[in-house]
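Chemist: Take the position in the sequence shown, starting the count at 1, then add 181; the result is the number in my numbering.
Just so you know, the hints here were simulated from the structure itself, not pulled from any lab data. Among these hints, one or two may not hold up.
[As the list claims (entries may be wrong)] Within a straight-line C-alpha distance of at most 25 Å, the following computed BS3-like cross-link-like pairs (lysine-lysine) qualify:
(1) K538 x K562
(2) K418 x K512
(3) K296 x K418
[Stated by the list, open to error] Cβ-Cβ distance ranges computed for the label pairs, FRET-style:
(4) R607 x E458: 40 to 46 Å
(5) E249 x T459: 18 to 24 Å
(6) V218 x D621: 47 to 53 Å
(7) G427 x D531: 49 to 55 Å
(8) A314 x D213: 34 to 40 Å
(9) S231 x E450: 38 to 44 Å
(10) Q396 x R613: 25 to 31 Å
(11) D213 x K562: 53 to 59 Å
(12) V218 x T329: 44 to 50 Å
(13) V346 x G537: 47 to 53 Å
(14) A378 x G302: 18 to 24 Å
(15) K451 x Q396: 53 to 59 Å
From the three backbone atoms N, C-alpha and C, an ideal C-beta is built for every residue, glycine too.
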Amino acid sequence: MTPFSVVRAASLSILLAAQLCASAAAAPASPDVQLTVAQLQEDLAFLKKSIALTHPDVSYSADAAALERTLASIKKKFGRPMTRDQAWRVLATLNPVFSDAHLQVSMGDFEPEAKAHLQNGGGFFPYEVHVDAAGDVYIRAEMGGGETPLARSRIDTINGAPARVVARELLALTFGDTPALRANLLSGRWWRFYWKAFGTPAWFDLSLSTPRGKQKISMPAAPSLPQSATALNDFDKVFRFEMLSGKVALLTVGSFLWPDKKLFYAMTEKAFTAMRETQADTLIIDVRTNGGGDDDMWKEGILRYTADRPYRHGSGYIKKVIEGRQNATEKVGDIVKGEIQTWEQPKPADPLHFGGKIYVLAGRTTYSSSILFLNTMQDFKFASLVGEAGSSRARQSGGIQHMVLPNSKWGLIVPRFVLERPSGLRDPELVRTDLVMKDDPFDERALINALHARIVKGQ
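Please put together the full structure from these sequences, using the hints given.
Modeler: Structure (structure tokens):
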């Protein structure tokens, strides 16, 4: 196995992991079924063994002492029977300790259970929200993505409980590299984390702080899934291209994962053709909501038109050799360190080669293969990164493996390698943009408009 093939296996998007592991996961147990102490302890033992067999170095992200304390606490709590949902609330306390969005106790294939919940007359939290780093919760849209005049209002209490306390309890179950990333990831998952932690009452009494003052509202549970649960199935919502004024092009790439990659490649070819025909001299690539995918999508779909020098998407790596990945020189269980030797060659003679200025918008949930894309664009000076301060590591784990706990049927995701960025530098630890600009969480167009105005003004 070459280092290149090792790294390409990292390509699965963590933000799509729940959908992707559906084929491997067994049907989930009923949330109300009691799991015995023996079953719970078996799940915990399975989790510990799976991590030990797969991860090359958990200390890459987790504090060893904190991890041992959390595992000991879980073992003690599993000294009594509990339901499947109760077991998740205990196991998920590992997620912040792991401090890596590629290492988590996941909800697995939650969509069938969510749909069954709706079909049985249930509902979910009535709003899509933004959770900031301080733990404040703000209304962003109606459930399903519809606009609401209450957007930007802070939620102060939920059914009498302080919203900050609710957020703090949910953040204690959320995965992610940093507290800021965990808040960003919880924002898009609020509805299901709230559901699994607190249940779904028929009505939600909310007290709000709005631009017009204090307000109290009572809303029924929403009988629908959020926009984020369905948007990734619509090609035209995930991938978009448009020409702005001043010979500026905007390419939005919401994922590097799509079942039919040829559709994406055809779309980007059409986009670069339009740029040539309109003589565009500036390109903005928006990957702010891109949770990752396959590296070849950005190599073949974007860099084949923009790279002007040889490049690689990483440098050094450390990996654990797992079953099915062994060879004559690498045995199962070996920890191997190496260097990526494969370099991608540019195609400057391509008629659609774009030689203008490129900006890449990095956002709150840019992750996995998208971080590799950012690193490559930045380290080889293919583009300038634009956005707020980073919340994810530039040094990424990958090659994620999906497991299912034998009794509770909750998911477990574990990476099998850690990859250094192309430059090999570890400082700064987090993604750092070249041009720091505010990114309004309630208006995705604001950053685009601000950067566009800046570009046009400088022409």
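Chemist: Take a quick look at whether K418 and K512 sit within 25 Å of each other, Cα to Cα.
Modeler: violated, 44 Å
Chemist: Cβ-Cβ distance between E249 and T459: within 18 to 24 Å?
Modeler: Roughly 59 Å apart at Cβ, these two residues miss the hinted range, so it is violated.
Chemist: Does the Cβ distance between A378 and G302 fall inside 18 to 24 Å?
Modeler: Holds, at about 21 Å.
Chemist: Do the beta carbons of V346 and G537 sit within 47 to 53 Å of each other?
Modeler: holds, 50 Å
Chemist: Next pair to validate is K538 with K562; report whether the Cα-Cα distance is within 25 Å.
Modeler: holds, 11 Å
Chemist: Is it true that A314 and D213 lie within 34 to 40 Å of each other by Cβ?
Modeler: Since A314 and D213 have Cβ atoms about 35 Å apart, the given range 34 to 40 Å holds.
Chemist: Regarding the pair K296 and K418, is the alpha-carbon distance no greater than 25 Å?
Modeler: The given pair, whose Cα atoms are some 22 Å apart, holds under the 25 Å limit.
Chemist: For K451 and Q396, compare the CB-CB distance with the range 53 to 59 Å and indicate the outcome.
Modeler: This hint is violated: roughly 47 Å between Cβ atoms.
Chemist: Quick one: are V218 and T329 within 44 to 50 Å, going by C-beta?
Modeler: holds, 46 Å
Chemist: Does the hinted range 49 to 55 Å hold for G427 and D531 at CB?
Modeler: Distance hint for G427, D531 is violated at roughly 25 Å.
Chemist: Return holds or violated for the Cβ distance of S231 and E450 against the range 38 to 44 Å.
Modeler: holds, 42 Å
Chemist: Do V218 and D621 keep their Cβ atoms within the hinted range of 47 to 53 Å?
Modeler: Holds - the Cβ-Cβ distance for V218 and D621, about 49 Å, lies within 47 to 53 Å.
The earlier numbered hints that this structure contradicts are 2, 5, 7, 10 and 15.
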